[in-house]
Structure formats: C-alpha cells, structure tokens
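> Chain by chain, the residues run as shown.
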Amino acid sequence: MKKVKLLTSILLVLALLTLSACGSDGNGESTNGEKVEKVVFAYLSFNNIPEDLTDIEEAINKVTREKINVEVDLKIYGPAEYEQRVNLAMQTGEKMDLFTTYGGFSSYVSRNQLYALNDLLEQYGQDTLNILEQDFGSDILNATTMNGNIYGIPVNKGFALPTTFVYDADVLAELGFNADDIDSLEDLPAIFEAVKKNKPGVVPFGPINVNPSDTYLMGWLIDTLKIDTLTDQSGVGVVIGDSGKVVNLYENEEFMNAAKMMRDWSEKGYLQKDAATTTIPTSEMIASGSAFSFMGGYSGMEAGAQLSAQMGKNIGTKRITEEYFDTSSVNSVVWMMSSTTKVPEAAMKFLNLAFTDKFVLNTLLYGIEGRDYVVVDEHHVKFPDGKSAMDVPFTAQLSTGLLGSESLQYQLEGMNREDVELKLRENKETARSPYFGFIFDQDEVKTEMSAINNVKNQYLPGLITGALDPETTIPKFVKALKDAGADRVIKAKQEQLDQWLAQQ
Amino acid sequence: MFKKIRLQSRSKATFSLFLLAVPGLIYLLINNYLPMFGVFIAFKDIDYVKGLFGSDWSGFKNFEFLFRTNDAWIMTRNTILYNLAFIFIGTIVAIIIAIFLYELKNKLATKLFQSSILFPNLVSMVIVSYLVYAFLASDSGLINLSILRSLGIEEINWYAESKYWPYILTVTYLWKTAGYTSIVYFAFIAGIDKSYYEAAKIDGAGKLRQIFSVTLPLLKPAVILMVLLAVGRIFNSDFGLFYQVPLNSGALYSTTQTIDTYVYRALMQMNDIGMSAAAGFYQSVVGLVLVLIANKLVKRADPDNALF
Amino acid sequence: MALLSIVTILPFILMIVASFTDEKDLILNGYRFFISNISFDAYIYLINQYEIIVRAYGVSILVTVVGTVASLVLTTMLAYPMSRRDFKYKNTLAFVVFFTMLFSGGIVPSYMLWSRVFGITDSYLALILPNLLMPAFHVLLVRNYYQTSIPHDLIESGQIDGASEFKIFFRIMFPLSIPVVATIGLFTALAYWNDWINALYYISSPKYFGIQNLLIRLMNNIQFLRSSEGSALIGAGSVELPSTAIRMAMGVAGLLPILILFPFTQKYLIKGVLSVR
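Chains as they are written, first to last, in our numbering: chain A, 1 to 504; chain B, 1001 to 1308; chain C, 2001 to 2277.
Treat the hints with care, as some may be off.
No more than 25 angstroms apart at the CA atoms, straight line, and that leaves these computed lysine-lysine pairs for DSS-like [what the hints assert, rightly or not]:
#1 A/Lys342 / A/Lys67
#2 A/Lys197 / A/Lys268
#3 A/Lys313 / A/Lys196
#4 B/Lys1163 / A/Lys491
#5 B/Lys1163 / B/Lys1220
#6 B/Lys1061 / A/Lys342
#7 B/Lys1220 / C/Lys2090
#8 A/Lys35 / A/Lys95
#9 A/Lys226 / A/Lys35
#10 C/Lys2207 / B/Lys1012
#11 B/Lys1012 / C/Lys2167
#12 A/Lys245 / A/Lys226
#13 A/Lys196 / A/Lys268
#14 B/Lys1050 / A/Lys95
#15 B/Lys1163 / A/Lys479
#16 A/Lys476 / B/Lys1163
No lab work stands behind these hints, which were simulated from the structure alone. Computed from a prediction, not measured in an experiment: that's the story for all the values here.
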C-alpha cells in the first residue's frame, strides 16, 4: 500500500518536473513591436553586491533594446559562490546563457556544456573579432577552439604576466641595494642574506599565495624554460620549448635544481619554516613589516603602485623573466555560452556589446554615471566626492580583469593609461609556444587526473617552499605520480598533440 | 465481547497512531525520498546538452577513481580507524561527562558546566583550524613557543609530521563533540526512574556501584542507538576536521586523508557530478550493509534494542 | 570538572582576545592570551556594516524560532507511534526513517525539487524547509527516549480511561518528554542558527541572509581573494582585505547571541530534568 503510494507520488513529481523543465522564458515587447529576447548574463563581483539590480539592468536595456532587441537579466555573484551557482543552474536546467570561468574552460568543453560560437561570431560578432585582433591578434581564439569549434571568447586584456619580483623598496634601499641589482633569481640570496643579518624578525621571502602555498617557483620555471603546460596545471605532461615531446616536468633536472635552490633558501632561513602551511600571504606580512619580498606574475608596469596602495608600503617590482604564451596563458578567463541556451543569437549579440560597446561595458563595471561614478577624462573615472567603493549604490570596479576589453574600460583616476597600451603591445610581442591553441581533453583520463591532483597537493607545496628535501622527496613524488597513472596521461597528451599538429 | 471491543479499538488505535506519523512521513517523502532518484547520476556520463535524464549510462566508470591507487587503501583505512576510535572513545567520554553532570548538586555549576562543554560544538571548523594553528604553529604557536622551548625540548614542525595527527585530530574531535553527545546521554539518564536508585541504595550500594548497576545498564538502549547510527556513517567523515584543521597540508595526507577529503581534492578541478555522486553512493551502500549486519547482531542478543 | 570547563573555553578566550588585537601584532606574534596592542579595528569594520548585520541577526532569529517549534512538533509526532510496542508498523517506520540517514540523492535533485516544483527560492521557507525541519537522528532519539523512559502502564491507563490516541499523546506523552524535547530543541535551534548551506543555494537576495550565511560568505570571499585564482582575477584597485582579526571578530559575532541566550535555555533544560527526577 505504501509502496504504491510512493511510486505514484514519484511518477507525479517526475511528470511535474519534466513539465516545468519546459519553462517559458518571459519575452517582453520592444518599442517597435518585435519580441524582445531576454539573456541571462552572470558575472563575478568582488565588491558589495546590491540587492536590487534593476536600475543597472534598465540603464543597459535602454541601449540594448534599441540596438539589438535584447534585454539582459544580470546575475552577479561573489567569488565564493559564483561557480557553484552557475553550475547548479546548468545542472538543474535553469536559464543560464552567458557566463565565465577561471581555469575551468576545458572541463566545460569535455562535459558538453558549451555552445559552439563559430557561426554566431561570423554573423553577430564582427566587432568583437575586430577588437580582439586589434588588441591581441587573430590567433587569440585558437586558445578556445577545440575540434574546430570556438567554444568561448577570452577576456580581452593584457595577458603577459612575466615573473616579477616584488619587494619592500624602503628596506632594499636601506640595505644599500637598488633595483638594478636584481636581474635573476641568482641575485637574490645576497639580498636575502643582508635582510637576515640587518633585519631580524623580517622574513626575506615568502609564498605569494596560500592554501595551498605557492612561491611561484613553478611559474618562474615555466617562463625560464619555455614550457607549454598543455592546458592543465598538474605539471604532468608538458612540452619544453619546441621539442614536441610530452614529458613529466617533475622528472626534469631543472625542477630538481629549482627545488634544491628553494631548499637551500629555506635552510638558510630565507623563508619561514612553515611556509608550506601558513595561512597568511606574504603580502600581508610585508604590510605589517614582518616580511620583505615575494614573487609572482604581474602585467604591465603599474603593479608596484597598486601593490603599494594595497599594502601601505613603498613597493618596488622588477621583472626577472620574459613571458611565454601557452594556451592556458590566454584561456584562463573565458566567456562562454551555455549549450542549453534557448537564445543563442540574442546572447551573442549581447556578448558582442559587452566586448565592444564602451557604454554597456562600463555600466556593467562602474554602474550609473553621476550616481556611482564621475567621469574625469576620456579614460578615467572616479567615485563621487566623499564616496568610495564601499558607499556607492553599485560598483563592480574590481571585475575589470574578467569582463570585456581592457582597451575600452575606464580606469580609476590616478592609473596610467599608457600602461594599458603597453600591456596590449606586449600581447602582440610576446613569444607564443609552437603549441599555442592546443587544448587537452581530459575526459578519457579523468580518473588518473583526479589521483594526480591529490599527489600534487601532497608533495608540491612542500617542495616549492623548501620545506621538504628534494633529493629524497622528488623520487617519492615521481613514483607516486606514476602510481596514479602519470604515464597514461602523458601518452594521451602525446597522442592528442600529434593529432593536433598534423591538422595544423 | 471484551475481546471484540479491544480488537476494534486496536485497529482504531493503529490508525490514529498512523495519522500522527503522517506529517513526518510526508516530509521525509518530499525532502529525502523523492530526491533519492538522483542516485542514478552516479551511473551516468552526464552530458548537459542531453540533460540529466537523457545522458548515457556509464556503468561503474564513475567509481573507478575511488579504487585506483594506493591512496584508495589509505583513505579507507584512515576513515574506518578514525571512526572506530571516535565511536569508542567518544562514547566513553560522553557518558562520563553525562554522569558527572547528573551528579552535580549545585544548579549553577551544572548550568555553567553544561554551557561550556557545548561551546566547542558551535564553532565552525574553519575557526577551529585557526585555534589549532594557534597552538601548533612552528614559530609562534603556543606549544612550541611557550611549552617546548621553556622545557628545552626541540621544537616540532607539527604540520609536517604525520605521526602526531591521529592524536591531535582525535582530541580535537572530542573537544568539539563530547559536550554535544553527553547532553544526549544526560537526557536519558534524567529519564531513569529514581526508584531504581532508591532500591540500589537500600541494598547498600555506594555511588559507584549505583552507576554500574543502575545507570549504565539503563543507558544501554541509548548507547546501542548511537553506536548503530555511527556504524551507518562509518565511511563518512567530518570534512572540516580532516581538511581544514590540518590546513590542507600535503605532508600529513598519510594520516589525515579520508574518503571525503580525497573526493574533494580529486574533483576540485573537475567538477564532475557523476564522480561525486558515485563517491556518496559508495559510502552509503557500505554504511547500509554494515548497519544491517550490526542490527541483526543486536537483534539476536537484545531484540528490544535493535534499530528496526 | 573545572579543568574540563577551562579546557573547552580556552580556545574561545583565544579567539576573543585575537579579535581585539592589532592586526600587525597578530601577524608578528601569532595568537596570544595577553593583548599587547589593543585595537578595535576589527569591530569598527563590522560596526560600519551594522545595518546588514542587524538584519541578518533578525533573519536568523526568526528562522530559528519558527523552524525549531515546527520541528519539535513534527519530530515528536512521528517518533511517538514508532515507540509504541503495540504499533504494527513500528519497525517499518524505523527503517524508513533510518534509511534517509544513509542515502541521499545529492544537492542537484533536492534543489530541483524545492526550487522548481515548490518554488521556495528567495523566501523564508527556503531557510526552514530543506533538510533541517526534521532530522532523522532526532526522530530516533525521541523514539528511544519514549521507549525506555516512559512506562507503558501510563499509556494503558489512558487507553482504559477511553482517551483517544491523540489525547494520550498531547496530554500524557508530551509533558513527560521535556528532557528529550529540550535536548532536540536545543540541537535543532543550533542547527538552524548555524546553517548557511540552504542560503548558499536558495537565496540570492541579501534581505534573507542570516548571520552565519553572511559571515561565511564574507570569509569565503576573503579566502578566495587570498588564493591564486582570486589575486589573478582582481583588476586594479586596492582591496580592503579584512584581516585575521576581523575573521576572529566575525566568529565572535556569530556566537554572540548564543552566548547570551544560552544561559536562559539552560533553565528549561535543567528544569525539565529536575521535574522528571
């Protein structure tokens, strides 16, 4: 009796679900009587997100209704929940048309969640294609093309992030050095030693990121050796230079040398003993006067000024490598269209405006002129007098790195416009890897990749912070990777790479 | 005549009792049983274009990653051993605390004490991890700095030595949950009829004897319930405890990796709902089998106290 | 005894002290029990957002009270029949309830059901209904309590007196079950107060943010911004990253109402226990 009741309820609900899954999308009427299409546009904001976005939407819709007969429904989420919300919406069949990702591009492709944009770009995205060519080069879309299908559009900004040494400039001067003394990593120990001797209580060097700790040693290694990571961050299966051979980066002699150097630094006290597990990024330690430097990838020349404002100290920067573009340099932040969208043309038209229309783009970022920001000159804006990012009704100013085209974005007053132009020049000038455009499809080795991720998290933070002894640890690390299936992954990558090369 | 009336009121009673149960059952249906159909996701290769219902079946492919490597054995071993330790030690400690609580004559003391032992349970594991870090940080932690250094013992890099962590995590677990569990036992102890204690006292039993002959035996049903429930979750673990508290330190994996942390780390990059559904399914099935066995054993020994 | 109390409270004192410590001090010296440089910066940051925080407290209190009361009624009503030795379906129900503790379809089907079929997104119902309204564990606890601590004679005498089962439940069982009801009431209230997962999935509108949800979002955002992905994504512009001290202050803020109300709820727990004695 109960079982029958249960079954019928289940059937009933399933029926309801399938019915509601064919939900209706509300379509309004535009001024000239044609049906206006609605597009859901989801992006990340690091600022406060207001409860009510209708005035921003209205400001944009006034323009988009006229130009392209489209109304936008904005979904803005904070970084902690953005990915979850977007994924949940797609998994449960909610309306989700345009969204972005950080680093997850190829997984979205292999799960068939993306709409191929080739024809749509041809028809409705010419402006976008033009500005992409202008700001980077027409090869930019190779980084988001798989099997001939263009699955996304990278955010259009400066991508060159050469390894940069970041330090407390006042302390450096105090010790009698200057920026010219820093050309490569070899020059650093001398400085660190001086810091240790003259400033006890100040840690010379630390990780740029925590959880897990990252000293950017791998980032430096990749630039120096011209490594193409073949679009995954595991380090298993990379190509060095133009050798065409896929190898395990961790078996490479240079990796051992780099780890040994870091170990040496750690033993000499240039890093904290618990650098591998600390929860405090070095930037905060510098701000409190208890650390001296760290290393990371930064674009343009203004990083020093921005970091100084952030940390409240006089921060200097010095580039120590040349940037090298592989596919993942460019396809980290990508704008994509959901494969479940019901309005692909309308979505493409809107995305086109987001990349090329100065008004739409800057409204998404800065809100409403006069209320949320004030124009200073052609390229600069500022917050209204007496207000800051915390007080205005709406701002997403911190999202400039993931939306639209940097060349069209307003900058905050005080920032240097020339820097943007420098970054765009560097886009054109930076060397591309011969395998730029190759994207690895992880699907057939996803079991191995998951095991490899675990092994990597186990050993790598300790190795790149000098907490573990490389001589004894790296062999264990490599063996654990092999046990996890590293060889299968390398083989799969080599096969896919050879295939891709043959098609070029 | 009498029998007939009893039978009638019997079925009426059954019906009324059933009615009382209905609202709760409806909730279980909606909240738990209907969504259970999602279990099938573990067996599918989800393709978003085809949707959840249209995707292809993939058999046990999503389960492979759980058994692939040496890690699989380590994580399973850790999960089981920790849970066994937690069940065993946790129950003993909770009962001791509950008995103490009950015996306290001073009302104020009882209140204060009860509040304080419950506090740890209210704190999120993220904060607990900061607190543990305050004790165990290698340079500035309380233990290294104030205790070991002053005793002249060499300082320990806690987050790099895996051998201490079974103890650290067990103590942390007890600190967080013993208070909570003890309140459960406290309620049951409170429900024991005072006359039992009177009878024991008359027989000349002292406090300790009373505890062993009255309190503990009458707590048996509660203990069996809690243990059976814990057995059902023996393949699960508190994610916060095993991921946040060790600060996600790779060096400690051999003693802190559990099935839940492994799954999280494995799928963090990949967001594959088929694989995570498979992991959940695996844990549930094992738990169910173990409980069925345990319940059968209990039924044989002590039929009234079986779970079902 | 006293030692145990101190041990459990110790880490809290650490937390509270840390929230009042100057940030630079925290980074330099780690967590200490004695404050060298008092700073109210952490709390000033929070107080600047007081509107949001006060509203969040309000939401949490409303949800906790309503949810707990509803839960108690639902739970005891289900547990009682299960506890009756003479009830035909007691074992079936026990299995039905227990099974839900083991198997779950996961968030995706639950979300689809609650949000699409029942349409509870962005409402108080979303904070009350999913998952927390009647935990299977509580049902089993109450059932066990009824089985062991309430003699069957009471029920029989009620039956002989001709009382209906409903009357027996409300007049006899309910009053006698105060210790266990107080216990699960406490647990349920804590669960509602501390929950942030329901809000994460079902609530986008800030007017429904409860206090824990708010704090966790803030903390997660901070942690994300500190991670590799976050710092790479942020465009130019200085970010006021709340510091360690603020994180501690947020933790304290989340606990505050409980710390205040707890002694009062204790009164009922103790009273219930003593009355049965």
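> Now tell me, hint by hint, if it's right for this structure.
The hints, checked one at a time:
1. A/Lys342 / A/Lys67: 20 angstroms, holds
2. A/Lys197 / A/Lys268: Answer holds: A/Lys197 to A/Lys268 is near 11 angstroms, not above 25 angstroms.
3. A/Lys313 / A/Lys196: The given pair, whose Cα atoms are some 20 angstroms apart, holds under the 25 angstroms limit.
4. B/Lys1163 / A/Lys491: 37 angstroms, violated
5. B/Lys1163 / B/Lys1220: 35 angstroms, violated
6. B/Lys1061 / A/Lys342: Violated - the C-alpha atoms of A/Lys342 and B/Lys1061 are around 31 angstroms apart, more than 25 angstroms.
7. B/Lys1220 / C/Lys2090: 20 angstroms, holds
8. A/Lys35 / A/Lys95: 18 angstroms, holds
9. A/Lys226 / A/Lys35: Violated, at about 52 angstroms.
10. C/Lys2207 / B/Lys1012: Distance ~48 angstroms between C/Lys2207 and B/Lys1012 Cα, so the pair is violated.
11. B/Lys1012 / C/Lys2167: 14 angstroms, holds
12. A/Lys245 / A/Lys226: Holds, at roughly 13 angstroms.
13. A/Lys196 / A/Lys268: Holds. A/Lys196 to A/Lys268 sits at ~9 angstroms (cutoff 25 angstroms).
14. B/Lys1050 / A/Lys95: With Cα atoms ~15 angstroms apart, B/Lys1050 and A/Lys95 stay inside 25 angstroms; holds.
15. B/Lys1163 / A/Lys479: Given that 25 angstroms is the threshold and the Cα spacing comes to 22 angstroms, the pair holds.
16. A/Lys476 / B/Lys1163: 18 angstroms, holds
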